[in-house]
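Undergrad: Taking the hints into account, I'd like the entire structure generated from these sequences.
These are the residues of each chain, in order.
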Amino acid sequence: MTPALHHYLIVSALLFSLGLLGVVTRRSLLIIYMSLELMLNAANLALVAFSRFNNHLDGQVMVFFIITVAAAEVAVGLALIVAIFRRRQTTHVEDLATLKL
Amino acid sequence: MKLAFLPWLILFLPLLAAAWIMLFTRANRCRSAALSISAVVLGFVGTLTFVGANGFHPVQPEVSVTWLAVGGLDIAFGLRLDALSLLMMLVVTGVGGAIHIYSWGYMEEDRCFSRYFASLSLFTFSMLGVVLANNFLQMFIFWELVGVSSYLLIGFWYERASAADAAKKAFLTNRVGDFGFLLGILTFWGLAGSLNFEAIKEWMDNGIGFGSTDPIIVQSGLTLAGLLVFCGAMGKSAQFPLHVWLPDAMEGPTPVSALIHAATMVAAGVYMLSRTFFIYTPDALSVIAWVGGFTALLAAVVAVQQNDIKRILAYSTLSQLGYMVMAVGVYAPSAGMFHLVTHAFFKALLFLGAGSVIHALHHEQDIWRMGGLRRRMPVTFWTFMVGTLALAGVWPFSGFFSKDSILATAQHHSPALFVLGAAVAALTTFYMFRLVFVAFLGPERTSEASHAHESPWVMTWPLRLLATFSLIGGVLGIEGLLTGFYDPVGSEHPNGLAAQVFYPFAHAPVAASVGLASVAAGFLAAHWLYRNVAEDPLPARIGALSRWMRNKFYFDELYEATVIRLQDTAATVIDWFDRWLVAGAAVRGTAGVTRLVGQALRLVQTGSLQTYTFLFVLGVAIVLFAVLGR
Amino acid sequence: MSILTYILGWPLLAALALAFVPRDLRVVMRAVAILATGLSALLALKLFLLFPGAPADADGYRFVQQVPWVESLGISYCVGVDGINVGLVLMGAIVAFAAACCSWEIKDREKEFYILLLIMTGGILGAFASLDLFFFYAFHELALVPTFIMIGVWGRGERRNFATFQITLYLSLGALIALAGLILLYLDSGANTFSIPDLTRHIAEHPLPPVAQKLMFPLLLFGFGILVSLWPFHTWAPLGYGAAPTATAMLHAGVLKKFGLYGLIRVALPLMPEAAESWMSVLSWLCLGNILWCGFVAVRQRDLNLLIGNSSVAHMGFAFLGIASLNLIGLTGAILVMIAHGFLAALSFGLSGYLYQQTGTLDMNQLGGLLRRLPFIGAALVMAMLAGCGLPGFANFAGEVTVFFGAWKVFRAVTILACWGALIIGAVYMLRAVRSILHGPLNAEWPQVADAANPWRKLPFALLLASLLVFGFFPRLLSDKITPDAERIIERVDSPYGNGNVCLPGYDGAAVLTAAALELRVETDHSP
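Chains as they are written, first to last, in numbering that gives the first Met the number 0: chain A, 0 to 100; chain B, 0 to 629; chain C, 0 to 527.
Hint data in this document are derived by calculation from the structure and do not stem from the laboratory.
Careful: at least some of the hints might be erroneous.
Said to hold, decoys possible - Some residues of chain B that are not near chain A, with every Cβ distance over 10 Å (derived):
| no. | residue |
| --- | --- |
| 1 | Phe76 |
| 2 | Arg463 |
| 3 | Arg594 |
| 4 | Leu608 |
| 5 | Gln609 |
| 6 | Phe613 |
What the hints assert, rightly or not - Which chain B residues face chain C? A few, computed with CB under 8 Å, are given here:
| no. | residue |
| --- | --- |
| 7 | Gly154 |
| 8 | Leu182 |
| 9 | Asp574 |
Claimed, not checked - Here are some chain B residues pointing at chain C (derived, C-beta under 7 Å):
| no. | residue |
| --- | --- |
| 10 | Val69 |
| 11 | Gly70 |
| 12 | Leu72 |
| 13 | Glu158 |
| 14 | Leu181 |
| 15 | Met203 |
| 16 | Gly483 |
| 17 | Ala570 |
Yeah, the Cβ is synthetic: ideal placement off N, Cα and C, and Gly gets one too.
TA: In structure tokens:
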């Protein structure tokens, strides 16, 4: 059996939901960040699948862009997290509430 | 027209001098004074040259350029050169020149010598502008400018609170008059469609554009418009009820009082009435005549009980201005202008004489602290006497002729005003001789008076010059020139010297003899009451009336309590509303409501990003379900 | 490239350059700011002088430059001047230069201050030069936002926060309402273009339906009105100017505020003529609110800045009155008033800033006799105050008197009251300020007060005074440029009042006289 489009989409949706669950429930910045990446790649998977099944290269090109930008974003994000950890000795989101009224 | 550039030069030289002094020569006193004096003297010489080349009736009386033109509004900047303006230019530059020279001596020790001469030149420029204007708006422009130069000069010693207040009062009172003037100008523009005097005159003569068959409506409209214009003259020439500023204006330096608040600027109102004589309806003229007559009487009565030498002269100026306005009101603008010219000579002379006295006595102005000055200051005394006799109207001094021509027309048009005029003449003689008897004759009352000495030549020569003109000003042919201007065909005024000297007795013997009789009565009363007295006998004799006279019939207090109080109250109330209702309730109210709503909404903001994310995803899910789920 | 692009570009470029200048090079920062604004002032002067000889396009605009930006929406960068804004650009550039010269009082965070000042300048000049609605609005916002920041950070007085708060709320609200009106206009016109000349041409052929006009015009009138402190939306102005640093008050009161009036003249009147006519009598009464109400409020002020602030609100009333009269004379007068008041407001706020810097207070009860210590500044202040009460010789007189002539035939009672406000109430508060600050005995508290010592300190004031005097002596320099283009606008407004002709149709002389003489009735019921 060759996998059809819906198989890819189901995997993609599962990945996305897992990521979302992580973002909403976890309290460590690092884990939240990893979950976010999971969601991003779920979307990438869906894009590539659509692209493949529509015989169209647009989606794949877009994925390349996303991967590039995501790399930059990961670098900035991780750097921020490290900076926060150095300053506050914690990455627990409930401790980072300075802006809260 | 020959030498057409000369009037422009004459007009703008003083402005250039003023600007040059303020910008470059402030530190150099001599150069400032020389600049200012030469500007005005050159103006006088230039005017004489122009008159010599073109006569008093140039072929082309108007030159103008456009100052501002928008659609139907065309404001020209023009010069009107006819007998009226040329004569007035001679007065402004001639009398002005004498006073400029006198100022050099009088202001010698002042710290702000240059500023004084710059303001004086600015004044000369503005006054020449009023005189030369060929349209209403240009006249209004220079009208305001003379107002501001008067403000600057009254407030010249601004560190004295009284001078600063007087300057402010003068400007504001004039502004009230100018308000009416501007409305009058707008009305005439709306009706005649032009601002030019000649065009309006043509419009009045042809009666086009009245558009109504009902003469009553046309007449009442024109009367109102004319009276609005007259408001301007009321402010500038200090006619009742806007007369209150002029006596206070004496806070300025004495030469300023002579030039601006006696000889020229305050006469601008009379000049304007004469210039625009054609716009006034008979009703308007009778109002003008009575306002003038009432002012003349009121001021003369007040002058009787003043003790400050400059204030006496100030009230005398008011009274004489009332006389001139009355002359215009009784259909004799030529007599009014004639009196304006002679008055410029002798009133400037009197003020400069008073200035000489004040200078000699180290700024003492109370006549009861003078006395015996005849011996100490002979030139000042004799020239002052000439001025007094001219003002009183003694034949053959200049004042006699001009006053007589006013009385003669008044007798013709309104007997009541004639009687009033005669009474004012008697009062004038009375208070002037009171001044002479107390200040110049009799014993010295203070040590300062006994140590007084004559002023320097730079001050006495202008006195001599003006005294000469006060003596002969009545027979120079000025009256003939003016009657010829207003009535080119019907004028039969004589030109020979002898004929002029006796003209009043031949022309209107009743007026001349009544005038002389009132002078005699006034002199006798003054002689009887004030010869060799130590203090004023009048308060004891007339009691409360004297107190009212000394306090100027309480007009200042009346205005303080009504007009000023009213405007202040309005301002206070509106300020309160502005602060508490518009700014307070409206603005703060809106802001308060916004803040309350904000506080309510803040409860939703937990600050937990994960809650937000959850709600966000929930929202997306709901939307997706709503769109795709069915 | 059009000279206009340089005029508005230099300050913006300089702002960008300043971002890279190290913080401690204070002299360099001042020099850059003064040079950039001075350069645009010189270019603006050149523009003004070249204007009469420059070729005009079919719509009457000169020095036009158009660069398409978002073609699908019809947005393009488009600048150009006609008689209506050429004077405003010149005035704005000169005032900006003067404001930069007056900024020496700023001592902390100079870098940010000068950057904001230059952005504000570029924004203002851009707003007046733009012929594209999008840029017209965007440039205005670019200038407006720095205003708030400058008042909040460098402002003075204990009510600074309230003032910032109020001015931000009001002006954002006004700009928002105007924006709503502009967007509606863009959508309803159906021309799919933001370009003002194209829109005008399009609407001339396909007029907006009256219903749409009725909705849009009030939005623009009150939106722009709030920006110009139209009564009763004026309370932000005196407070805001009282709290603002000198340069900000000069630029905002002098130039930026005129944007609302300019918007009314450029956009609202020609594009929605029918609605404009029906609103003008309302506007004429509102402008009395400015002239009389704010005049009275100014009479009661003790603080010089609040007095000048209120008087500047009052002066806006004359511009509104000129617009409301909807004829050539009134409109030209309104533009003259805008330009003259720009110079005057900048001059007054500059001088009051100098006084504050010297004395530390502007409370008029505490000051007195300062003319002796301050011959130059004092003389300039006297002249500014006299210009403020409409003295001939200063540009304000030419504008105000033209407005009165324009309004006289349309709103008689309003004009009479406005004359009262101009001639008497104006003189009362202006002379009061002179009397209590400069005249009288010198207060012993102020021996250290010093006059402007060097030419650099005097330059901005001398420049502004000279501008006032030049346009006051020769108003034709402006009016001859304004009139042809103002006429174009008036032609669009098919007004029953006529174009300022001498005799109006149905205008019976006797009826006028009776009205003037007996009833002082307002002749405003021409509107449908």
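Undergrad: Would you mind marking each hint as holding or not holding in the structure?
TA: Here's how the hints hold up against the structure:
no. : hint   : result
1   : Phe76  : holds (68 Å)
2   : Arg463 : holds (90 Å)
3   : Arg594 : holds (14 Å)
4   : Leu608 : violated (7 Å)
5   : Gln609 : violated (5 Å)
6   : Phe613 : violated (5 Å)
7   : Gly154 : holds (6 Å)
8   : Leu182 : holds (6 Å)
9   : Asp574 : holds (4 Å)
10  : Val69  : holds (5 Å)
11  : Gly70  : holds (4 Å)
12  : Leu72  : holds (5 Å)
13  : Glu158 : holds (5 Å)
14  : Leu181 : holds (6 Å)
15  : Met203 : violated (13 Å)
16  : Gly483 : violated (33 Å)
17  : Ala570 : holds (4 Å)
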